[in-house]
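Residue numbers (the UniProt record's numbering), protein chains in the order written: chain A, 1 to 285; chain B, 1 to 315.
No wet-lab data here; the hints were simulated from the structure.
Check before you lean on any hint, since a few could be wrong.
Capping the alpha-carbon separation at 16 Å, the derived lysine to aspartate or glutamate pairs in EDC-like fashion look like this [as the list claims (entries may be wrong)]:
id	chain 1	residue 1	chain 2	residue 2
1	A	K55	A	E239
2	B	K7	A	D121
3	B	K79	B	E93
4	B	K7	A	E114
5	A	K183	A	E173
6	B	K7	B	D301
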Amino acid sequence: MSAPTEWQANISKAFSNRSFVIGLTITALLALMAALSFVWTPYAVGSFDILGKLKPPSSAHWLGTDHFGRDILSMIMVGSRNSIAVALVSVIIGAGIGVPLGLWAAARGGLIDEALMRFNDLVFAFPALLSAVMITAVFGPGAVNAIIAIGIFNIPVFARVARGAALSLWPREYILAARASGKSSLLITIEHILPNMMNILVVQGTIQFSLGILAEAGLSYVGLGSQPPMPSWGRMLFEAQTMIGMAPHMALYPGLAIVITVLGLNLLGDGLRDVLDPKMRRERS
Amino acid sequence: MLNYVSKRILIGILTLLAASIVVFIVLEIVPGDPARLMLGMNATEDAVQALQQQMGLDQPLLIRYFSWIGGLLVGDFGKSYTYSVPVLNLITERIAVSLPLALISLFLSTIIAIPVGLFSASRRGTMTDSGTMAIAQVGVAIPNFWFALLLVYVFAVSLRLVPAGGFPGWNAGVWAGLKSLILPSIALGLPQAAILARVTRSALLDVLGEDYIRTARAKGLTRRKVLYRHALRNALIPVLTILGLQFAFLLAGTIIIENVFYLPGLGRLVFQAITQRDLIVVEGVVMLLVATVILVNLLVDLSYALVDPRLRGRS
Chain A
1 MSAPTEWQAN ISKAFSNRSF VIGLTITALL ALMAALSFVW TPYAVGSFDI LGKLKPPSSA
61 HWLGTDHFGR DILSMIMVGS RNSIAVALVS VIIGAGIGVP LGLWAAARGG LIDEALMRFN
121 DLVFAFPALL SAVMITAVFG PGAVNAIIAI GIFNIPVFAR VARGAALSLW PREYILAARA
181 SGKSSLLITI EHILPNMMNI LVVQGTIQFS LGILAEAGLS YVGLGSQPPM PSWGRMLFEA
241 QTMIGMAPHM ALYPGLAIVI TVLGLNLLGD GLRDVLDPKM RRERS
Chain B
1 MLNYVSKRIL IGILTLLAAS IVVFIVLEIV PGDPARLMLG MNATEDAVQA LQQQMGLDQP
61 LLIRYFSWIG GLLVGDFGKS YTYSVPVLNL ITERIAVSLP LALISLFLST IIAIPVGLFS
121 ASRRGTMTDS GTMAIAQVGV AIPNFWFALL LVYVFAVSLR LVPAGGFPGW NAGVWAGLKS
181 LILPSIALGL PQAAILARVT RSALLDVLGE DYIRTARAKG LTRRKVLYRH ALRNALIPVL
241 TILGLQFAFL LAGTIIIENV FYLPGLGRLV FQAITQRDLI VVEGVVMLLV ATVILVNLLV
301 DLSYALVDPR LRGRS
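Assemble the whole structure, with the sequences as input and the hints as a guide.
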């Protein structure tokens with residue numbers, strides 16, 4: 001019966017945390033913008049208007065137009081879908097594979113644990129960009145390959161966090177009691193270990209999500225991410241590069257969209273950590 | 001100490017071996033026939049067969065792997081298909097741009113981040129602390145290639161202080177070379193500095209809460225002395241860890257930044273190789289970068305032992 005009260009306490013604590021409130025607001029607005037782009041954008045993203053190209057912001061085009069006369073605001077709105085989708089799926093891949101691995105290593109220890117740590121070393125030797133380079137060299141560029149590259153990099157991150165959290169939970173008394181009652185490691189992990197580390201996983205998920213947004217933008221910028229005609233923030237910046245002297249607004253707004261999104265997610269992550277993980281809060285403040 | 005060092009070195013070597021197997025599988029086995037992939041759809045059967053022979057693709061897999069690895073060990077990275085020169089020559093030429101770029105960025109990031117972290121930690125809870133950390137928070141969110149574009153717009157296009165891109169080569173003089181690395185290093189290093197400053201601050205605050213710090217203060221040491229002599233040294237472990245990770249990021253980051261500034265480094269090389277399907281070059285560059293990441297992580301692990309005497313006793 002104590003769970004709802006704890007949650008209520010956490011929620012009221014969360015809403016008095018400045019980072020959390022600002023982060024949540026920005027993230028909610030981003031999600032709203034992405035959702036809105038499915039039904040409405042100021043202009044159709046595929047509509048070219050060569051006569052109206054490279055126009056600075058105006059009342060007709062709030063954020064100006066690009067070198068094909070496309071509306072930048074509309075492209076940013078549609079591009080947000082791509083960023084969110086790539087980052088979200090790579091977090092799901094990372095957590096979906098990494099968390100069970102980490103839990104398994106913590107439950108078994110010994111050789112399996114050692115093997116997991118060495119696997120982590122191996123994956124960490126390939127920065128996400130490098131895996132993307134290899135994957136693209138063979139399979140060609142695309143959003144799916146970007147997701148795979150970022151997702152692979154997320155696996156050891158979640159594995160490490162889950163392992164660490166589980167190792168600290170195993171010696172607890174209620175776990176020992178569950179063990180004494182004859183429950184299997186798997187059952188204990190599912191019933192007790194996993195629910196008690198959800199806080200940490202949520203915080204890590206937020207951090208990896210924001211890193212995923214940055215990584216996706218970087219990959220699309222160098223042409224390894226999603227391909228035209230689907231707008232993406234990274235590629236908008238790539239296209240802005242040669243126009244920087246004539247139309248700096250083309251580079252400014254997609255970049256700001258990335259910064260605000262990542263900032264929002266980071267603040268949300270910080271806020272969540274403060275609320276859900278009091279130990280970390282004491283260390284940080 | 002010796003145990004710790006030899007274990008870390010062994011792990012480093014094993015990781016490198018495993019990484020080489022991954023690279024080999026992804027770039028030589030997954031494509032089915034690399035020769036066909038490299039030559040494209042319209043290649044004649046004769047050309048494909050000739051390239052297969054040249055690349056040794058008619059040999060069994062294990063033999064191919066061992067001859068590739070054996071080659072790498074003696075510096076033979078194979079021959080580039082598009083440039084018709086040994087891959088090693090291409091790499092040494094390009095590394096003369098990428099390595100200074102990564103090192104200057106790392107240097108910039110460190111000399112900015114550690115003083116900022118110290119400054120913020122020593123003024124914990126004040127307006128200056130929150131202000132500095134707010135700036136760092138924004139810095140963390142800035143993609144380096146976007147920052148690079150802004151720098152180009154302000155310093156190259158508007159003020160015309162530095163070149164917007166390109167590299168004159170070190171033969172044109174050290175200053176001319178360095179000048180074209182200024183903006184790229186700032187673009188690469190500053191966002192990393194924001195991360196490192198936050199880590200330095202929180203590591204310091206962590207240490208400042210320890211009993212021995214209170215003891216040091218109680219025995220009459222000034223705040224300053226405690227901060228520099230005791231806290232900073234003990235806060236170095238997390239800082240070093242992040243520095244090691246950052247070097248990997250910076251190396252990979254050069255891949256993107258070199259494209260912004262048209263720098264003829266490893267990153268540009270690897271992209272040209274991808275578009276030309278020159279898999280041997282991709283393989284060589286990826287292996288080299290992976291080996292560097294592993295080596296740097298090993299050095300970081302070993303430096304823990306130097307910084308923290310407690311680790312020396314552990315195996």
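Checked hints:
1. A/K55 <-> A/E239: holds, 15 Å
2. B/K7 <-> A/D121: Distance ~14 Å between B/K7 and A/D121 Cα, so the pair holds.
3. B/K79 <-> B/E93: holds, 15 Å
4. B/K7 <-> A/E114: holds, 13 Å
5. A/K183 <-> A/E173: holds, 14 Å
6. B/K7 <-> B/D301: holds, 11 Å
Going down the numbered hints, you'll see the structure goes against none, and every one checks out.
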